[in-house]
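Protein sequences, first through last, are from chains A and B.
Position 173 (the first sequence) corresponds to 173 in this note's numbering; numbering is contiguous.
Position 182 (the second sequence) corresponds to 369 in this note's numbering; numbering is contiguous.
These are calculated hints, taken from the structure and not from any lab test.
Heads up, some of the hints might be wrong.
As the list claims (entries may be wrong) - Think about it this way: if two alpha-carbon atoms lie no more than 30 Å apart in a straight line, the pair counts; the simulated DSS-like pairs of lysine-lysine are:
#, chain 1, residue 1, chain 2, residue 2
1, B, 457, B, 468
2, A, 122, B, 360
3, A, 90, B, 292
4, B, 297, A, 90
5, A, 90, B, 283
6, A, 90, B, 360
7, B, 283, B, 297
8, A, 122, B, 283
9, A, 122, B, 292
10, A, 122, B, 297
11, A, 140, B, 528
12, B, 468, B, 360
13, B, 528, B, 464
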Amino acid sequence: MTRYAMVIDQRRCIGCQSCTVACRTWNDLPMGTIYNPVVSEGVVGHFPNVHLTFTPMLCMHCDNAPCVLCCPAAASQQDDDGIVWVDPNKCMGCKVCAQSCPYGMRSMEHSEGYIRKCTFCKDRVREGERPYCVATCHQKARIFGDLDDPESDVSKLVSELRTDRIFPELGTEPQVYYIPDLGGTDL
Amino acid sequence: MRVAPKNTKMNTRFWTWPIAIYLFLGGLGGGTIFMAGIFFFMGLPNVNAMVEFYGVLAPEAVLYSTGAPLGFAIFLGIVCLALGCLLLIFELGQPKLFVRAFITKTAIIKWGAVLLTIAMIAALIWWVIFYWPHEWNLFWYEWTGIGVGAAAVAMVASMGLMVYTGVLLSSMKARPFWNTPAVPILFTVSALSTGCALLSLWLGGSPLEFWMFAPYREGFEIVAVIGFSPMEYVYEMLHLIDTILVVAEIIILLLFVVMQYSSNELGAKKVAARWIKGETKVVFWGGMIVLGLLVPLGCYLAGGAVIAGIVAPVLALCGGLLLRFLFVYNNDRRGIPGEVKYFDRLPDKGDPILHPYWENNGGKAYVTKGAMR
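The following block holds chain A by itself, in its conformation from the complex (with noise of 0.2 Å):
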């Protein structure tokens, strides 16, 4: 089986918003849609102990996804490989799965009618790339592989290292480990 998953590494990234940029070019995104923002809560702490830490967003790709589960027309869908994802011709626009999903990773024009959302650009990945993303990221802070795949780098950060991630405790399983900055993630 198949797993796909994410690794950002909060230690490598400078916050330069590569990665947020190359998914508008990739995905052709409209304006005031947005699926990987890189957000940080600014300078923390006293001089001179101060830090900086960016935490990029993208879909979690959970495990147990609230936003499948609810979709009342099976358009919102998770694959075999743990990619989740959104049938345009299938969704009716009703919105429920943005207001269930705990991440707010979902974004809804209204001149197009359906929900978008990030699909780890699942068009790149069954072609064997990785995602445009993680393909652009210079400091190499996205890391993308196969959590099954005992020899993918993914699996191997994963457990050898400590990861967080993001509200572990809501019960969605997320897919995307945070390995974190020197002062944590204050997640």
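Given chain A, put chain B in place with the hints provided.
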């Protein structure tokens, strides 16, 4: 000094006024049909008394015993549900695909759509068999068994619908203020209360009622047979039930908000603080608690044809609508640190520098997918 971000561009509220009105209409229609069903079943023994009196089952017997005005109230309930359905479809991004609402069985919306459909169809059958003007009634007025069955189905489905409007919100783990079992209880009590208010407004407040249905209400035959006028009885009962429901709603709502305020879940606490002492405090205390609940309660207790018959139900209905708006417009997600600041820095959709470039490309990014390969 940090300036608090305005949080204007972060698109976290996907549901707006159509959903708030739909939640209200679904609860109102469900509550009306459910309460009408209770009085219908309470009136059924009267039908038997009338049948014994007349020797045959006459459609008038049913009308007189279970109340003709009640029939129109059922019709009002169906109209509420139908309007709610229209709003739901109007609110969809792709309305032509609305039939797909029935596909996934794990989805709560699917069960809401099923209950809405069953409640509307069953209530319509019930209404047509018993309350259709009998001059137009061709052959079905003797199908009382089917009518009673449809009434029972409509009651069960409308009860489910009232609970569903709350469960839809409370099922969302992403919205901590909604995600508690108190929301379905609050919404069910509020739906029953608004249903009672609509019924008592119709029975007591409508000027139509006096010239259309006064003969039924004062009908001497039914008074002669069963000893009292069922409609007078129903009207008084409705006021009593709605008084109790409004008291219950005040207790549940206040307990709920205080419970959320003392919650360790920051998203829920933030909303509760906003309601109790923040920017929504005037709407919550003045609109919801005082005008929507306490004043109707006082009016019901004061009595009188205008005060208890019109003012109280109208205010209770407005309170129910306001409750749905308060909930739908307070759907804070548990925030990710820095998220609000990030979205506040994005350009506006009408940005004078960026916007023309987007417009020239039909709102799309300027590089097409093929060019990137």
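Tell me, which hint numbers fail for this structure? none
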